[in-house]
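Since chain A is already given, all that's left is putting chain B with the ligands on it; use the hints.
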Amino acid sequence: MKILVGIKRAVDYNVRVRVKSDGSGVETDGVKMSVNPFDEIALEEALRLKEAGKADEVIVVSIGPGDVQQQLRTGLAMGADRAIQVEAGDTLQPLTVAQVFKALAEREGAGIVFLGKQAIDDDSNQVGQMTAALWGRPQATFASKVSLNGETATVTREVDAGLETIEIDLPAVITSDLRLNEPRFVKLPDIMKAKRKPLDVIALDELGGVVGVAPEAGHHAPPEPRGRGIMVDDTAALVAELKNRGLV
Amino acid sequence: MSLPDAEREIMEYDVVVVGAGPAGLACALRLKQLDADLMVAVIEKASEVGAHILSGAVIEPGPLDELVPGWRDAPPPICVPVEKDEFWYLGKASRRKLPTPPQQNNHGNFIVSLGATCQWLADKAEAAGVDIFPGFAASDIHFTDEGAVGGVIIGDMGVDLAGEPKDSYVQGIEIHARTTVLGEGCRGHLSKQLIRRFELDADSDPQTYAIGMKELWKVAPGKSTPGLVQHTLGWPLDSDIYGGSFIYHLDEDRIALGYVCGLDYADPDFVPFEAFQQFKHHPMVRELIEGGEIISSGARALVEGGFQSLPKVEMPGAVLIGDAAGLLNVPKIKGTHQALRSGMLAAGHIAEKGAAEGFDARLRASPVMAELKKVRNIRPGFNKGLWRGLLTAAIETLTGGALPRTLRNHADHEELEKRAEFNPPEREWGPRELPPRDRLASVYFAATEHDEDQPVHLKILEPDVCTERCTEEYGNPCTRFCPAAVYEMVEDEGGRRLQINAANCVHCKTCDIKDPYQIINWVTPEGGAGPNYQNL
Ligand SMILES: Cc1cc2nc3c(=O)[nH]c(=O)nc-3n(C[C@H](O)[C@H](O)[C@H](O)COP(=O)(O)OP(=O)(O)OC[C@H]3O[C@@H](n4cnc5c(N)ncnc54)[C@H](O)[C@@H]3O)c2cc1C
Ligand code: SF4
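Protein chains in written order, with this note's numbering: chain A, 1 to 248; chain B, 1001 to 1536.
Derived from the structure by calculation, the hints contain no laboratory data.
Only a predicted model underlies this, so the values are computations on that prediction, with no experimental measurement involved.
By construction, the Cβ of each residue, glycine as well, lies at the ideal position given by its N, Cα and C atoms.
Incorrect hints may appear among the rest.
According to the in silico footprint, chain A covers these stretches of chain B (three or more CB under 8 Å from chain A) [what the hints assert, rightly or not]:
no.: 1; stretch: 1045-1052
no.: 2; stretch: 1130-1140
no.: 3; stretch: 1153-1167
no.: 4; stretch: 1444-1450
no.: 5; stretch: 1527-1535
Looking at chain A on its own, in the form it has when it is part of the complex:
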């Protein structure tokens, strides 16, 4: 069985995100970029399934300009067998991304399309669900535990009320939640091995059925900075001040 893992290049989670002064987007100049953490978890799970003999091949996929090859190489160094870059601009709508995954899933005959539940940059949380719908296959989102039993998968999902365990037929889409696993450290010699693993580049329009939806950039603004605090002497003064401001 083949597992297709989606890898998005996103601003690193440690970076303090700043909005460009003209409001046209988020500053990425000189900013550290990494693999979206949820995708890293998805890849880790796929690798563990392969290591347990439940899958034969792990393929990492990223959609975007040449820069995304850096994140694909990280995926290969973690242990993926090969990589596919789908050449595209860097603003993509979830629907386009889902169409790409659906097309690739069919082309590769994937058993699982493993994705992060969302990307930490735009927090859309849509691609997994859309991919399943377009592909006409089951989905198990927010996975915190996955086990494969031949034709089906048992997946524990993190839902608002707690945990929910479902069984789905394969092929299917699974999206990872934070607690699914702790991704491995890349080993130094594996970085060298990754350089020799295949990385194919496919043009977006080569994947039949993909329509590019041109997104329109709205306005970006940082949250209002917190104003200066004041010190009050006692509880009475605090209450008075709150009343004064119409807060109580």
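Frame of chain A, contents of chain B with the ligands only:
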């Protein structure tokens, strides 16, 4: 400790370089230019190249012309030609223009982000076939059976606070190489061990240092004058402390602002971070930055000992280059051109001889050393205060360093005076309003990150000294000189103890240098940990 005792995996290279700073990258790239068949690896502890680099930086372009011919046609991402130099003496609210000292004449130089420049240089080195490994710390030296340096050992990953392996544990590998090049920058952690082991400093003065703090600001439109280079002396420092500021005006409404204080200061209660923040409130600076925002900030020690403190730069199997050797030119406050030059020189030597032997003589006969010799008395001249220092500087500059004298350097940690013996000066420091509020708020702009469940990387060799002798004699100065508030004295059930907030550390190395008892040992944390500087 019960870490698995398995044989470490080994990778073989011709040359392994520790540190992807200007020195290490220049060495690696030049090696490939000279001999494309050489296998060269560069190990970098930052999560990506440049993320631990903090500099001014106005650079002299000469060595870059040599290393990357034609670079001016495709310069690093931030690169503004210097248009004008200004040199100011500050009072609390006043300022007086001084003649720009010749060493500070920056005509023909460029203002860059050294971090961004290193990334740009790393791309070129990789394209030339160098294997660069960011995210891995060289934590130990591998010695050959003969006792020579035979490469480095990469730190283990996934070890918990108590030193036990976690599920994610990965043993670090050994990288063996015929020659190891130490380009760790100021107060390198491996360099320090090797200087001691091979007694490389037996014939030189003690090394001396400064702490440099920097903030990159996005200022209100029109406030920045691209290409303007300003330096100040005077307030907020009293004339007994050597130091001053730099204000480098970049393009796109950005200003790089920094403050440097010599670590030979005597006042046990001095807080370098506070001096920097006070400086920002001088009307001249405040006017520039008020209404702007900080993009990134951090701190890093600089090496100041120069000519008389330069250790022997070779040992069996290894060489020291750049700031790890101590090649910064203090009157110029520039070390990048020296780092690049020494890196290229080491590459030429290694490509030719295949060994470290002879590099010390080669470096000492080179322009790198001639430059340091000329200015050797300027920095120690300031040991007697600002005014005597300026006088010495003038004399030494006029004579081009030809006077037959060499002023001596003294170890910084020995210069700290005990509280009971020190008379604190009146500094006229006022309340502050500009961000960051305090050191913790400043750490936030360094985006520093360490997994808290790992061994503390600041080793206190004798914890009892902290709670007893040091408290009494110096009042725990580590709680003040650390720019990231890593050290805190706390009282809890267990009594009074030193708490180390290691996760905040920005790898500046000040504590390792200035601690008066020399009982703080900075070691490498897990690879990839530490600050994530953005264009510093
Ligand atoms: C505040 C300040 C202002 C300055 N202004 C200027 C200026 O205007 N012009 C100028 O020319 N110079 C300036 N300098 C000096 C200049 O930055 C240095 O001389 C120069 O960076 C030295 O280069 P290097 O390669 O020797 O070391 P560094 O630049 O310090 O690089 C060392 C690299 O090695 C890595 N490293 C260290 N130890 C290990 C290890 N054990 N394992 C793995 N990686 C490791 C570090 O993370 C770092 O990336 C300034 C310095 C400071 C601090
Ligand atoms: S703990 Fe030491 S190295 Fe780390 S930031 Fe503080 S002074 Fe610098």
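Query raised in the report: Against which earlier hints does the structure fall short, listed by number upward?
Result: none
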